[in-house]
Amino acid sequence: MVGSLLLLAMGMLFGWIGALQYLVPGFLVKWLSFEKIRPLHVSSVVFWIILAAMGSVLIYVQEHTGRKLYSALLTRLQLSLFSLSIPAIFISYCMGIFGGREYWEFPPVLALPIIAGWILFLINFTRSFGTFKQQPVYIWMWLTGIIFFLFTFLESYLWVFPYFRNNIINDMTVQWKSYGSMVGAWNMLIYGSSIFLMQKISGHKNDSHSRMAFALYFTGLFNLMFNWGHHIYTLPTYHFIQYISYVVSMTELLILGRIIWQWKSSVSKAAIHFHHTAFRFLVAADIWIFLSLLLAVLMSVPAINVYTHGTHITVAHAMGTTIGINSFLLLAIAVDTLSNSCSKESINEKWITKGYWITNISLFIFWISLVIAGILKAKWQMSTEKIPFSTMMLQLRPFFIVFLFSGLTMIAGFFIILYPILKKQISCYLVYILGERNPAEEPIRGTISMD
Amino acid sequence: MASDKNKIMIAASLVAIFLCYTFYIYASLPVKNFTANEAVSKGKRVWQEKNCGACHQIYGLGGYLGPDLTNEYSLRSTDFIKVFLNYGTPAMPNFNLSEQDINHLLAFLKSIDASGKSDPKTFTIHYNGTIEQ
Ligand code: HEM
Chain P
1 MVGSLLLLAM
11 GMLFGWIGAL
21 QYLVPGFLVK
31 WLSFEKIRPL
41 HVSSVVFWII
51 LAAMGSVLIY
61 VQEHTGRKLY
71 SALLTRLQLS
81 LFSLSIPAIF
91 ISYCMGIFGG
101 REYWEFPPVL
111 ALPIIAGWIL
121 FLINFTRSFG
131 TFKQQPVYIW
141 MWLTGIIFFL
151 FTFLESYLWV
161 FPYFRNNIIN
171 DMTVQWKSYG
181 SMVGAWNMLI
191 YGSSIFLMQK
201 ISGHKNDSHS
211 RMAFALYFTG
221 LFNLMFNWGH
231 HIYTLPTYHF
241 IQYISYVVSM
251 TELLILGRII
261 WQWKSSVSKA
271 AIHFHHTAFR
281 FLVAADIWIF
291 LSLLLAVLMS
301 VPAINVYTHG
311 THITVAHAMG
321 TTIGINSFLL
331 LAIAVDTLSN
341 SCSKESINEK
351 WITKGYWITN
361 ISLFIFWISL
371 VIAGILKAKW
381 QMSTEKIPFS
391 TMMLQLRPFF
401 IVFLFSGLTM
411 IAGFFIILYP
421 ILKKQISCYL
431 VYILGERNPA
441 EEPIRGTISM
451 D
Chain B
452 MASDKNKIMI
462 AASLVAIFLC
472 YTFYIYASLP
482 VKNFTANEAV
492 SKGKRVWQEK
502 NCGACHQIYG
512 LGGYLGPDLT
522 NEYSLRSTDF
532 IKVFLNYGTP
542 AMPNFNLSEQ
552 DINHLLAFLK
562 SIDASGKSDP
572 KTFTIHYNGT
582 IEQ
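Heads up: the protein sequence lines correspond to chains P and B, in order. Numbered by the working numbering, the letters in the first sequence go through residues 1 to 451 in order. Numbered by the working numbering, the letters in the second sequence go through residues 452 to 584 in order.
Next up, chain P with everything else stripped away, as it sits in the complex (with noise of 0.2 Å):
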């Protein structure tokens, strides 16, 4: 857990890199050019929200079942295989050592650990339990998040195979057949320890065995499983590829109904819980799903995609769902498993609420900037007139100045949020070290939580 919050802060600060490079070309072109510093970026955040949502599942499955977990060594085994693969990744791409796949750029023998630890992973969740019957939804969730995950990632490395990669367009469908499942996926996880975790503010047990709860299950796994088409509608695949995710995207007008249809039941319970830290990031992820499903709804319309696609509006909706939905459920828990994790002193909740407040109205202005930056780029490409590319990207700089501004503010929101968390962390860390070592050496302890 506390790792993953390492990547998601280095993560941030690749990005803002990035972002500089799109101001000042050529800014580190010659050490860590954009091919370097993007996969940076994006592999250090995807692995903060898949070892979170990892690490939240593990956490969450004791206090489900009230028993630690099936095995300590396996869950000791996995976090090292992550913990050694994933430096691994970052050093090969320093070096420019990559397999280029978007998203996974890495060269794909550094995939085998990740499999290996994720089937540990598979092993140790399912071994954890007794039964799987009567199980509230959180459990087929991350039952299925856990599979689809290890499914689609194996999947994405078909292109392995001549026969999956020799021609162009049957490996980019099925690519992104598996990077469009892939997201649901990990979403399944987050999804889940959200629920356990409101489940447990809100003390309302049955909400989770409810119909409501499978039927909204069973639509996410329906999208999961079918709406990936929507990333590839102008490639020249199947059509029925097209057809089938638009129609099957547009169920998520029924989750998008669902929400206005309680917007006043949600806003009376936020008021009621909004003083606890941990809820108050739920009530945030909320907004973000609302806006990034609208987003997304209209993105998965073709006739709108053919627009869309290609511009900084899928940077928007990335970002957007990436940091508004999945890394503020993610602190969420985060907060809530790391505040009583090993001693009683309590994180300093007037910092996170600042940084709360920062990070979001940052993230708000961050995203208006990248979609309009998306709305202009694409009526770049749908205009007759042969602007150069150049001189678009020109065009679009007062956006991207206020993008990287908007990014640096919500960085320094992040950090003022992880700070308290960390520092907690890190001095329970060193008093569990020292401690054992010499438990009596009472001043080290002193030393330690005096900062």
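Rather than coming from a laboratory, the hints here were simulated on the basis of the structure. Treat the hints with care, since some could be wrong.
Claimed, not checked - A partial selection of chain B residues facing chain P, derived with a Cβ cut-off under 10 Å:
#	residue
1	Tyr472
2	Leu480
3	Phe485
4	Glu500
5	Gly513
6	Ser562
7	Ser569
8	Ile576
9	Asn579
10	Gly580
As the list claims (entries may be wrong) - Below, in silico cross-link-like pairs of lysine-lysine (PhoX-like), each with a Cα-Cα straight-line distance of 25 Å or less:
#	chain 1	residue 1	chain 2	residue 2
11	B	Lys561	P	Lys386
12	B	Lys572	P	Lys379
13	P	Lys350	P	Lys423
Said to hold, decoys possible - With beta-carbon atoms standing in for the labels, derived distance ranges:
#	chain 1	residue 1	chain 2	residue 2	range
14	B	Asn579	P	Phe129	40 to 50 Å
15	P	Val160	B	Tyr578	34 to 44 Å
16	B	Asp455	P	Thr353	36 to 46 Å
17	P	Pro162	B	Leu470	16 to 26 Å
Just so it is clear, CB atoms sit at the ideal spot from N, CA and C, and this is done for glycine as well.
Let chain P serve as the given structure and place chain B with the ligand on it in line with the hints.
Just chain B with the ligand now, with coordinates in the frame of chain P:
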């Protein structure tokens, strides 16, 4: 509270349909009539090893710092492309590509150009929200 049996039925049907869809696509990939070409494969490999896709898109997918290159081959002359590959630009690094690498990349760009058009202007938009080229 829905019974386990119903839930398992729904989940199993979805999984079954998903697997059929998946294996249908694997077994019958969209493009069947093409000949695998050595130079194209090598060019694709260089494309991946240099991570050109972090800055360039193919069919609109990739990073956004540089332009989409799907139809670069028919839009520009090979000499024009070679200048970029040989020297880079302020934003695009010079990868010190060998003559061979460059020829392979050109073969790759030629093959993706032949695979279709990525320009959104070439699509017809229908009232039901679908698009067609
Ligand atoms: C929690 C924090 C963040 C997350 C989860 C995140 C996530 C992502 C993701 C998923 C992408 C891929 C987008 C795509 O393929 O369309 C991306 C791209 C990018 N992000 Fe972030 N991001 C974060 C913070 C930041 C910050 C603070 C900045 C700096 C201002 C930044 C700058 C960028 C840039 C420049 C790109 C590349 C866009 C391109 O392809 O041209 N990100 N980010």
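For the hint on Glu500 (chain B), does the least C-beta distance to chain P fall short of 10 Å? Check passed: Cβ of Glu500 (chain B) comes within 6 Å of chain P, closer than 10 Å.
Is 34 to 44 Å right for how far apart the beta carbons of Val160 (chain P) and Tyr578 (chain B) are? 42 Å, holds
Chain P contact restraint for Phe485 (chain B) - C-beta distance below 10 Å: Since the shortest Cβ distance to chain P is 5 Å, the answer is holds.
Per the hint of 16 to 26 Å, is the separation of the Cβ atoms of Pro162 (chain P) and Leu470 (chain B) within bounds? 24 Å, holds
Would you mind confirming whether the straight-line C-alpha gap from Lys561 (chain B) to Lys386 (chain P) stays at or under 25 Å? Distance ~22 Å between Lys561 (chain B) and Lys386 (chain P) Cα, so the pair holds.
Going by Cβ atoms only, is Ile576 (chain B) closer than 10 Å to chain P? 5 Å, holds
Does Ser562 (chain B) meet its interface restraint, that is, does its C-beta lie within less than 10 Å of any C-beta in chain P? Check passed: Cβ of Ser562 (chain B) comes within 7 Å of chain P, closer than 10 Å.
Let's test the interface hint: is any C-beta of chain P closer than 10 Å to that of Leu480 (chain B)? 4 Å, holds
When the least beta-carbon distance from Asn579 (chain B) to chain P is tested against 10 Å, hint result: 8 Å, holds
Please test the hint of 36 to 46 Å on the beta carbon pair from Asp455 (chain B) and Thr353 (chain P). 42 Å, holds
Against chain P, run the beta carbon of Gly513 (chain B) and see if the smallest gap drops under 10 Å. 6 Å, holds
Would the hint on Gly580 (chain B) stand, with a C-beta cut-off of 10 Å toward chain P? At 5 Å from the nearest chain P Cβ, Gly580 (chain B) passes the 10 Å test, so the hint holds.
Of the numbered hints given earlier, the model fails none.
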